[in-house]
Structure formats: C-alpha cells, structure tokens
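Using the sequences and the hints, build the whole thing.
Protein chains in written order, with the numbering used here: chain X, 1 to 319; chain Y, 1 to 264.
Hints in this document: simulated from the structure, not taken from any laboratory.
It is possible that part of the hints are untrue.
Unchecked claim - Here are the in silico distance ranges between beta carbons for each label pair:
#	chain 1	residue 1	chain 2	residue 2	range
1	Y	Glu51	X	Lys187	41 to 47 angstroms
2	Y	Gly78	X	Gln157	51 to 57 angstroms
3	Y	Leu229	X	Asn195	31 to 37 angstroms
4	X	Leu176	Y	Asn153	45 to 51 angstroms
Where a beta carbon is used, it is the ideal one built from N, C-alpha and C, also for glycine.
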Amino acid sequence: MKKYLIVFDEEVSPGSLDLLEVARQMYGNEAYEVYGLSLSGEPMEAMKYLDGFIRISNRDPKGFDCRQWTKVIGEIQKHYCFDGILIPGTWMGRMLAPRLAVRLHTGLTADVTDVRHREGHLELVRPAFSGRLMAAIIPVGDGPVMLTARENVFRFQAGEEKRTQIHEYSPTEVGLQGVRLLDVQMKPAYYDICNSQILVSGGAGVGRQFQQLEALAEGLGGQLSASRQIVDQGLASRQIQVGQSGKTVSPKLYLALGIYGAIQHVEGLRQVEHIISVNTNPDAPICSLSDIVVEGDAIDFAKKLTERIRQYREDLKNK
Amino acid sequence: MRIVCVVKFVPDVDKLNYDFDKNILIRDQARLTLNPDDASGTAVALRLKKEHPGTSLEVITMAPISVLPNLEDLLRMGFDKGTLLSDREFAGSDTYATSRILARYLSSCSFDYIITGTHAVDGDTSHVPAQLGEWLGISQISGVSRLDFEHFNEGCARVSVEQERSMETYEVDSPAILSLSRESGYKLPYLRKADMDRYVKDHIQVVDRQALGLPKEETGLSGSRTKVLGTCTKQFEKRNRVLVKADEAGVETVFSYLVDKGIL
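Structure representation (structure tokens):
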C-alpha cells in the first residue's frame with residue numbers, strides 16, 4: 001500500500017487541509033496511508049484524517065532550524081520509505097522542501113496548482129514565467145514524489161475519519177542550530193486577503209492614488225488588495241498582492257480598478273463569484289473575465305460609487 | 001570577508017504578453033536582465049564591501065555565453081571576479097541538476113557568505129538557494145528583507161525576514177547562504193560613465209562541465225529529477241460582460257448589481 005507524508009506548519013498556516021486534498025487527488029483511487037508531521041504546533045483539524053502522526057520527542061526547546069529539520073525528516077524517510085512527501089508553501093516549507101529533495105536525491109515540484117493522471121503517469125501542474133505559462137511536470141527517478149502546493153488552491157471537502165496512531169520519534173543526529181530567532185515585531189494592522197469576502201483591488205491605472213480606494217473598500221465593508229505593479233512601486237505591502245507572486249483569493253466580489261489583468265494577476269483569482277472591472281481600456285484582458293465592465297477612469301468611478309453607497313446607507317438609516 | 005554572489009539572468013517577464021483570445025504566449029526575444037531579487041543581493045554585497053574594506057566579491061552564474069556582457073557590468077560596479085558556468089550540456093537542467101553544478105564550483109571556493117536572491121521570476125521555484133545549502137552542508141535563509149550592517153562579520157550575520165504578520169530577526173552563523181528579497185529595497189548603483197567601457201574580461205572565467213569534473217549524466221536532462229512534459233497556457237472562464245461608462249448611469253448599474261447580489 002502506498003504511504004505518504006504530509007508536513008504541516010500548523011502555527012503558520014493553521015487548519016490547513018490543502019495537502020490532504022492534494023494527496024487525495026494523487027492517490028484517490030488506490031488504497032493509501034497518510035502520515036503527518038508538524039514543523040510547528042499540532043494539526044488539530046487534520047489529525048482525524050491521518051493514519052499516523054509522527055511526534056518528535058526530545059525536541060530542542062529552541063526548535064529546529066531548516067538544516068536540522070532536513071536531517072530529521074531524512075532520517076524518518078529512511079524508516080518509513082514514504083512514496084510521497086507533501087510540504088506546505090510556507091516560508092519554512094519553501095526552504096525545507098528543496099533541501100530535503102537534495103538529501104533524498106529526488107525531484108521536487110514547487111507551487112503545484114493541479115494534479116493530473118495521464119497514461120498511468122502522475123503529472124503535476126504549476127505556473128512558470130511568473131504565471132504566464134502552466135507547466136506539466138513529471139517526477140523521474142526512484143525517490144519519493146515531492147511537492148509543495150500553492151496555498152488556497154486545493155480545497156479538502158471531507159474524508160473518512162481515521163484512528164490516528166501517534167508514533168513517537170527521537171531523532172539521533174540533528175547537529176547544531178545555525179539560524180536563531182532573535183526578535184519578533186508584530187505588524188500593527190493586518191488582514192489576510194484570502195479571508196476577504198469583498199476586495200477592492202487597485203492596479204497600475206490607479207498608481208499613486210491607490211490609498212484613495214480605502215474609502216470605497218470601507219463603504220463596501222471590504223478590504224484593499226493590489227496588483228504587482230502597485231506593490232513593486234512600494235505603494236502597498238506584498239501581503240495584499242493578488243496573483244502568482246502574491247496570493248490566491250476567492251472573494252464574493254472582486255472589484256478590479258485600473259487592473260490590466262495580466263495572466264499572473266488573473267492566476268490569483270479562484271472561484272470569485274462576481275468580478276467588476278473599471279478600466280480606460282475596455283479590451284484589457286481582465287474585462288473579458290468580468291460580469292460588468294466600466295469604461296473610464298478608475299479613481300473617478302470609485303469616488304462616485306463611494307458617494308452612491310454613502311447615500312444609500314444614509315437613506316437606510318433614515319427609513 | 002569573502003562573499004560570493006550567485007545570480008541568474010532572466011528574460012523580462014513583463015515583456016512577455018498573452019493573447020487571451022488565441023490562448024498563446026507572445027514571446028518576442030526578450031532581453032536578459034538580472035533577476036530582481038538577485039539585484040538586491042548583489043547590491044547588498046557591494047555595500048558590504050564599502051563598509052568592510054578588504055572584502056572580496058565574486059559573482060557566479062550559470063548561463064549561456066551570451067550573458068557575458070551582463071556579468072562584465074557587475075564587475076564594473078565593483079565585483080572583483082566573475083565566474084560563468086557554461087556548457088551546452090547544462091541545458092535542460094532542473095533545479096536539482098542546476099544546484100548540483102553550482103555547488104560543485106562553490107565547494108572549491110572559500111567564502112564566509114553566499115548571497116543570492118530568493119526567487120527568480122522565470123522559474124519561480126525558489127529551490128536553488130536552499131538546495132545549495134544542502135549540497136554544501138550549510139545554513140540558508142530566504143526572504144531576507146533587511147541586513148543589519150552593524151552586526152555583520154566573519155562569524156555571524158543578523159538579518160530580518162518579513163513574514164505575513166510580523167518582522168522576524170535572525171542570527172545566522174557563517175558560512176551561510178543569505179537569500180535576499182527585492183522587498184528589501186536594496187538597489188544596484190548605476191554604472192558610472194567612466195566605468196562603462198572599463199576592461200574587465202581578465203577577471204572573468206568561463207568554466208565548463210569538464211573543468212568542474214562532473215560526469216555528463218549528472219548534468220542537463222539526464223541529471224535532472226523532474227521533467228517538463230509540456231507547457232500550456234491556462235484557459236480562463238469568460239463571462240458575459242455588461243459594458244457601461246463611468247458616468248451616473250454606469251454607477252447606477254454597478255450599484256444595483258451590488259444590491260441585487262446581496263453585496264450591499
């Protein structure tokens with residue numbers, strides 16, 4: 001029976017079941033066992049879908065750095081011989097996966113967005129050229145199949161609940177820590193655009209006036225997001241960027257203001273219910289993906305719509 | 001201090017356009033430029049040299065011979081030595097094979113730090129810096145957005161990484177690989193006019209597979225652990241758009257739509 005390992009990074013990406021879904025799509029039709037291990041915390045939500053959970057004992061209170069984790073998981077692989085190792089696309093996951101692939105002398109496919117089966121082969125699909133092209137990758141060689149998955153793309157529906165066996169594992173040789181955390185400064189205001197229901201998104205056509213969209217976002221009860229151009233110009237933080245080099249979002253409403261809709265941007269839109277775009281060019285690529293296209297100046301339109309909404313809310317209050 | 005930068009020259013992805021109607025990528029012969037994250041890495045290296053006189057700087061890339069002029073410009077900006085790993089047999093290498101080739105050369109260098117970018121805009125995997133760390137058996141840290149120049153010496157470096165909700169500061173023991181993010185804002189200086197045509201070729205070496213002593217089957221397609229089956233462009237779901245102008249009527253159309261759909 002095939003066996004695979006899912007690595008969780010629970011404190012960073014809590015409640016993430018994405019990788020369970022990737023595994024289901026990889027091995028769906030055959031019987032398989034799924035094991036878990038976590039770089040931080042314990043995956044409470046995912047636990048009941050695991051056949052086994054490997055808990056690292058004698059863990060250094062300071063935690064492991066990436067080089068140490070690579071050694072630990074490399075050792076675990078020697079014992080369990082997993083057929084596949086799935087790693088989340090978190091900061092730590094992205095440093096760990098390539099190291100581990102070298103240690104196990106196996107191939108690694110990054111940022112997988114789709115899994116296909118063709119003529120008995122497994123194909124892993126991922127974006128390349130900053131999302132302008134999709135590439136189908138097949139792992140070659142004898143090592144385990146390794147991948148990292150793009151966050152917020154795979155959605156685990158529900159699976160059979162399992163009796164999870166806890167396996168205690170004591171690593172033998174981890175070496176010294178070479179990377180030590182000294183300080184953490186929390187950011188004052190923070191929201192995750194992946195959780196937003198309404199996104200007011202600004203692009204190159206909005207430019208330096210990007211912050212003016214805040215009023216519309218507030219009026220709609222939503223949040224601001226941005227295209228890569230806005231972020232590259234330093235007008236917004238990378239955390240609110242939609243697209244291949246940013247995040248994948250699934251809001252109910254996506255209001256695209258002055259966004260051209262290059263493929264790497266559109267790549268970040270998944271199951272968006274309503275798309276409205278405002279653009280001076282009604283033939284911009286984003287427009288063919290929209291429910292309503294407004295031809296004209298984005299800032300001017302945003303102001304008018306903000307005012308219309310304000311008036312509507314006032315009328316409601318007075319009724 | 002000895003610093004080695006590993007960089008990649010990439011096509012300008014903004015110059016690649018996409019035809020949504022025909023579903024094809026329009027790839028004119030895009031010029032190669034220094035990958036943005038790597039530009040921040042080399043900028044940091046140049047600044048370190050300024051602040052720590054006596055620091056030696058080498059820049060390494062794996063690429064076709066045609067990138068030599070790009071490499072020469074980095075030397076004109078202050079790198080002491082350039083190494084181009086180039087061989088037709090390297091073509092088709094995936095990140096596993098690429099990192100192996102680079103690591104083979106790097107294992108013959110002496111360095112305190114290797115500075116790279118985090119992410120290349122063409123391959124988009126961020127694998128190679130971390131893979132180099134494993135081949136060389138040293139620490140590696142990605143997404144560096146700030147370097148503490150006051151706490152940077154032969155023994156250890158202090159760097160900050162911007163995370164989703166926080167800014168984290170790490171201490172990294174040397175030798176180590178520090179991978180910069182373009183978010184750091186470190187920018188390469190403009191090439192001074194006086195330096196534009198400076199002769200630097202005698203500080204550049206080209207190294208091929210044989211010189212590295214790597215077996216043929218360990219490079220290129222045969223040395224890779226993944227294979228690209230093919231590329232395709234993505235199909236996007238087109239919608240039946242309603243076209244309006246940004247006037248009162250247009251605002252009203254959008255407003256009513258938002259009310260109808262229960263958004264307002």
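Structure-based check of all given hints:
Judged by the Cβ atoms, the range 41 to 47 angstroms given for Y:Glu51 and X:Lys187 is violated: they are separated by roughly 29 angstroms. Range check, Y:Gly78 to X:Gln157: Cβ separation about 56 angstroms, and the 51 to 57 angstroms hint holds. Between Y:Leu229 and X:Asn195 the CB atoms are about 35 angstroms apart, so this pair conforms to the stated range of 31 to 37 angstroms. Separation of X:Leu176 from Y:Asn153 is about 19 angstroms and departs from the stated range, judged on CB atoms against 45 to 51 angstroms.
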